[in-house]
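Put together the whole structure using the sequences plus the hints.
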Amino acid sequence: MARRKRLGKILPKKASKFQKKMGKAPGTITYMGRREGGTSVVNILEYNENVLSEHIPGDIDAIVAHKELPEISWIDIVGISDEDFIAKIGKRFGLNPLVLEDIVDTHQRPKIDEYEDYIFGVFKMLYINNEQEIVYEHVAMVLLESCVLVFQEMDDDVFKGVRHRIKNKSGRIRTRGADYLFFALIDAIVDNYFVVLEHLNHKIEELEEVVYDNPTPEIAHEIQMIKKEVLRIRRWIFPVKELVSRLIDTENPLITKDTKVFLRDALDHSLEINESIQIYREMSMSLMEMYMSNMSNKMNEVMKVLTIMASIFIPLTFIAGIYGMNFDHMPELHYENGYYYVWGVMIALFIGMMIYFKRKNWL
Amino acid sequence: MARRKRLGKILPKKASKFQKKMGKAPGTITYMGRREGGTSVVNILEYNENVLSEHIPGDIDAIVAHKELPEISWIDIVGISDEDFIAKIGKRFGLNPLVLEDIVDTHQRPKIDEYEDYIFGVFKMLYINNEQEIVYEHVAMVLLESCVLVFQEMDDDVFKGVRHRIKNKSGRIRTRGADYLFFALIDAIVDNYFVVLEHLNHKIEELEEVVYDNPTPEIAHEIQMIKKEVLRIRRWIFPVKELVSRLIDTENPLITKDTKVFLRDALDHSLEINESIQIYREMSMSLMEMYMSNMSNKMNEVMKVLTIMASIFIPLTFIAGIYGMNFDHMPELHYENGYYYVWGVMIALFIGMMIYFKRKNWL
Amino acid sequence: MARRKRLGKILPKKASKFQKKMGKAPGTITYMGRREGGTSVVNILEYNENVLSEHIPGDIDAIVAHKELPEISWIDIVGISDEDFIAKIGKRFGLNPLVLEDIVDTHQRPKIDEYEDYIFGVFKMLYINNEQEIVYEHVAMVLLESCVLVFQEMDDDVFKGVRHRIKNKSGRIRTRGADYLFFALIDAIVDNYFVVLEHLNHKIEELEEVVYDNPTPEIAHEIQMIKKEVLRIRRWIFPVKELVSRLIDTENPLITKDTKVFLRDALDHSLEINESIQIYREMSMSLMEMYMSNMSNKMNEVMKVLTIMASIFIPLTFIAGIYGMNFDHMPELHYENGYYYVWGVMIALFIGMMIYFKRKNWL
Amino acid sequence: MARRKRLGKILPKKASKFQKKMGKAPGTITYMGRREGGTSVVNILEYNENVLSEHIPGDIDAIVAHKELPEISWIDIVGISDEDFIAKIGKRFGLNPLVLEDIVDTHQRPKIDEYEDYIFGVFKMLYINNEQEIVYEHVAMVLLESCVLVFQEMDDDVFKGVRHRIKNKSGRIRTRGADYLFFALIDAIVDNYFVVLEHLNHKIEELEEVVYDNPTPEIAHEIQMIKKEVLRIRRWIFPVKELVSRLIDTENPLITKDTKVFLRDALDHSLEINESIQIYREMSMSLMEMYMSNMSNKMNEVMKVLTIMASIFIPLTFIAGIYGMNFDHMPELHYENGYYYVWGVMIALFIGMMIYFKRKNWL
Amino acid sequence: MARRKRLGKILPKKASKFQKKMGKAPGTITYMGRREGGTSVVNILEYNENVLSEHIPGDIDAIVAHKELPEISWIDIVGISDEDFIAKIGKRFGLNPLVLEDIVDTHQRPKIDEYEDYIFGVFKMLYINNEQEIVYEHVAMVLLESCVLVFQEMDDDVFKGVRHRIKNKSGRIRTRGADYLFFALIDAIVDNYFVVLEHLNHKIEELEEVVYDNPTPEIAHEIQMIKKEVLRIRRWIFPVKELVSRLIDTENPLITKDTKVFLRDALDHSLEINESIQIYREMSMSLMEMYMSNMSNKMNEVMKVLTIMASIFIPLTFIAGIYGMNFDHMPELHYENGYYYVWGVMIALFIGMMIYFKRKNWL
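Protein chains in written order, with this note's numbering: chain V, 4 to 366; chain U, 4 to 366; chain Y, 4 to 366; chain X, 4 to 366; chain P, 4 to 366.
Be a bit skeptical, because a hint or two may be false.
Identical copies go unnamed one by one, so any copy, or any two together, can satisfy a pair.
Claimed, not checked - Heads up, simulated SDA-like pairs for lysine to any residue below, C-alpha to C-alpha not over 25 Å straight-line: (1) Lys363 to His224; (2) Lys263 to Glu304; (3) Lys172 to Gly93; (4) Lys172 to Ile59; (5) Lys206 to Pro60; (6) Lys114 to Gly347; (7) Lys260 to Leu147; (8) Lys114 to Met157; (9) Lys361 to Met312; (10) Lys244 to Ile282.
It is worth saying that the hints were derived from the structure and are not from the lab.
Following this line, the structure appears as structure tokens:
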């Protein structure tokens, strides 16, 4: 019931997705997400090795004003449903309309596009929310010369670690350029994939236990849900490997050689993640197999009980039926110990059957 | 019944397909579609940034006359079963006979062929008709210097959005060349794939619900139909990715650098579509698995009922059978409370069995 | 029975295949087919734009004599079991012994080999014979400067169309060189693959109907046969794509640029064929799945009938058994309406069971 | 039983394999095969176009002495378990220790290694022995300037044909260099793969027959054995294709251009073999599927018999039970024709059930 | 039970894995293994062709002091949970922080990273412990100019052979450089994979026996465990092939040409291992299939027993029931030999049924 409801809620949204966009010109900024109506909140963090300031600008012009400063600035825009606002930012930073379209298109697959003055990237943040569900959040990032623009749907905790390191001067982040910040954000996203995969692993191992002990149809359904979840995660995570390796290979001066060493590390993690997903996929398929084999096992057990009961008592009932006949001439009926003889035969038969089934290993 | 009929209608058409063409020389123009007999309707839309005119030319010469104009012209030919007419157009625009053959061959797989003066493309338009069926329509397009020729089987609504944008000067289409129009049409086709895939997704999710609740053989059949549909869609959609990327890589001056940025966007969408198809394929395979597991589940349930009923009542019937025997000497029959004792034994047995089955979790 | 016999006939032939050849030097001409003993029939068709002559040469020298003429000659050799004859032809045309070996090796997989003065190709002609079986015929072709040699096992109808076009001057074949003839023959072979695939499609769709209505074990066997057929066809057809694309890429002057445009068309068709085979493969696998699911469905139905009958009548029989006991003291037996009460209980039970099964959706 | 024993015999051998080698330095010559203790037998065949001599050398020095001769020499060493002997030969011919290690390592996968003065190759000879089992024999070959060294485990018959051709001057082998001999030996190995595959094909087709007629568990086991055999064969045969193509591409002067034409032929055969293995793999998987479907078919049949018998006779027994009750007041019992009426009802019920099952197509 | 406990122990560890690291800067040294708290034990082995010394240095400075010596030194650090200690070593040898991070990250996938002055590699050592379980141990190695640093979690026996060869001057290890030592260690790791795979092979073959004889649900579970084990092994072993081939292709002067010949040998082994894993994977999948087929076989057998018993005795009981009815007028009851006639009919029926089942091959 609950399931049906949940699906019911999601589907109409999805259905409206493409009708919204259909027929519009490419480059039209159309928000495709589910959290419409909210206004964007902008947060600017500016830092270099010595200085650090954080503030929430009053209006767009305030944002751009800050861009002139020599420090690295991390401009975080939370809430992307206000298409006009995004358009304004785009204009000020000189972003291509196609970039703006992708910023608000929450169904955009992960990608890296290089332009002359900036590098544009779209990723999916994955994290586990309080209801223990996997949340997929669209995040777009633009690397400019001394500035990183981040567009998110919701206030996040995936980037919390990076923010913390900047504020506490921990690690080397304060001594490096905007490209290192760009890397650090990607790295934070990728690192969080591990948490999600671990969550998945946990779930699969739990199901493994249950499948073995008690294979109910609900379990089969849950296994299918896991398989679907793995498919969906794979879809969003899989391209990341290629994107990071493209950043490593780029000749764009925005990415320095120093940062590429770190990107190589992120590439490593992406590879590991892709392998894990592959393994989880195979494990979830094994789960279904296991489920089917346990099902047919249960069936075997049921059939054995039936067969044993029927095979023993149907012949005995037949014997009782014989001596329940009303023929005038049935000599056995008049034997003094006929009744006991019959009992003897029945018990012998019973024991014989038991031995037979024992031998067949059915008991 | 209905199904059988539908197949019956399609098959003969298909059977005639290749016999029609067999033995003819390559380059022979042979219409391969199902809507024979109709005459072609030509619609010409001419525009530049300032001017816009639309008209239906009287004859072939009128079409070519218009080609001389400095504006971009979109020549839309609906209805391709008139082979002579196509041959005439081909001659006027200087198209290769092989191109003409492909224009009317509705079974041609998607392709891009570059010639010296023009680029020729074949695509499949997919859309959902009013009966909620997926329609596959063959469309051929020729990009010339300031002109795009479009050959379709039926009057469409897939290109409606493009036409609308031209007429309303929305987006940048009016300010760009024929290659942008060419791109815009491809983009419209690709965008519509999303609608079709969404329709498919809907159907799969509906089936998922039903499989879980009530796995009938009809459902199995529908799942197989979905699988087949996915196969067919994949066949027509899959090559598009490569075609678009070939357009991006081409050095043909007909495609400008500006348009290539937009084509990259279309490539992105094609990639996304291919991934989706892959996922739908796996989902439809999971559906079948789910169906099978629910089937064997139902079977398990049926067998449990049988086993419980038989295991309880066959032994009880045996006991009743014992005391229905007609032996002269059966002391129990003459016990005062013999009848009640037997009832006691029977009830005890019944309760014992119930506990046994309860323990086995069969109840 | 019939099946067993058919296999029995084929197997010994096959078994003798490699023993025949084993231990011989590479380049030894050993006929590997099944139609031994026949003599070769040679047919020569010579033509250019204006002239056309056809004749059956008396002996080998007559064949070569004709080679000197300025016209294009199509030398068709039907029957390749006469190894000496093939050797003589080979000598006259200067063919490599390995080429001659491949000409008579009917198990040779499709291939294109380029030599300095000629291009050698092996293909499989597939067609449907009058018994509606798929026939695989080995055909070897040699493209020389103004001559195409064709070696076939049987008189064919696959090349009939080409012959017809030459004789009727239809299409452009009469105005072009030997390479165009070479292409036209390959094209005819590839075109015929479509007919065979269509035949297969037909068979699969027929089986689909039957599987749904009446899944007998014979059907399962037929599905497996189809799967095997698809495997076999794929084996012979799959390499063609690569061969044609190698002809397109070759720098051999025997293939002119003009003909390459047409070869590109043939490549297109090969791609389409390969895709179709892939789809038929998946469809035949789906068929088997469908079969299995319908089988277990039938089983479910059988079990339901058994369970319903047993669950209703076993308890009722038990009740009848109770009152068939012969205890001296069974008060119910002496109730005036005892018999009717029992009937009442039985009918109530019956109705209760029916409602239960109805609720479970088993009726 | 037999099976268990056979496995018992093989496993300890295998288990000792790697412990033997573990911890030794790379390049240590450690015989890994199963035929220990035998001494090596050396046979030298020397020939050119005119001369031919064969002899068994007394000691190692005799072997090397012969190497000086201008003729081609084929030095055949049968028995490779004498590690010292192999080491001595290696020293005389200047072979790398790693080569010697591979010569005696019977588990080495097929490979081609090029060194400055020689080319080293390892292959698996496959043949059918008298017990109709597939035998895998390790063979190592070294091509030197005018000499081919062959190391085998057992006296073979795979190379018999080559030896025969040399002795009888048949084919071109006597007129060519050592590289042609090298090719001829590889060709002999590859040709024998066809015999083995044919054997496999035979077995699969036999099983196909049996699966259809009588699917016993033994058959399932045999199918699995076939699948395993195909896996094993694939493992040893699959790399050959690549090795031969590497020989074709090598720039090593030891392989002449003339011989490469023949190697291309061997490559063709390797491709064909790989395709066949692929097909046998799919066929063996189909076999298992077929087996499963026939199994569930048998089950269906069993269940139908049970259901028909039970559904007919349980209700009839119930009716008989009714009139076996001992109520004082059962009017029907006293009807004059009551007994016949009951028979009538029973027969009607019987016929009704038969019609019902007939309609369901269960009879 | 035991299983559940084991999982219980592992899971919390795993869960803590990524939370530990999350949010820290890349390059932070965080031990990720399970053996925390132990101190590192350093063992230094220094050797050249003539000299050999082994000692356990008192402190870090002692380690570096030794680095100045002209001999090859193998510095073995066992125990990597002391992050400060690792940091100090890193500083002294000038290692990049990312390298240090990977040294202690026991979940790092195998990799080779080349830096200017050193080559860094991570591998997984696999071995069978005394409980016959497969142990995965993280090992990191750094190749410097005349020194190899090895970081392990536990004191090992995988490298025992190498140590032994150095001490006994066996093989060529004492005469070669640090790169040969580096290779020898990798080779030892790879060689040990064979032992693990053999162990796996053993287990699979044992299961094969059991599946055939007695397919219990525990067996199904064990098969799934094997499948999972194969997946896990594949994950750690699979990348090794690529890493070794990268070492072969590197232009880094740290790896000499001589050593590359040996690396090629190690590459060969990696290829063989990957093929074996692939085969074990397919074998374990076959096992499951076999299990399922034997299960349904057992079911068939059970059903046959039930069907035979029921089909024989239900009709006989019906006959007995007939003559147990109490109708006043039942002429057969009064026949002198009625009782014997009925027995005759029953026996005839019994024999008939037996013949029927015999014919159906069910007995």
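key: Non-conforming hints, listed in increasing numerical order   = 2, 5 and 6
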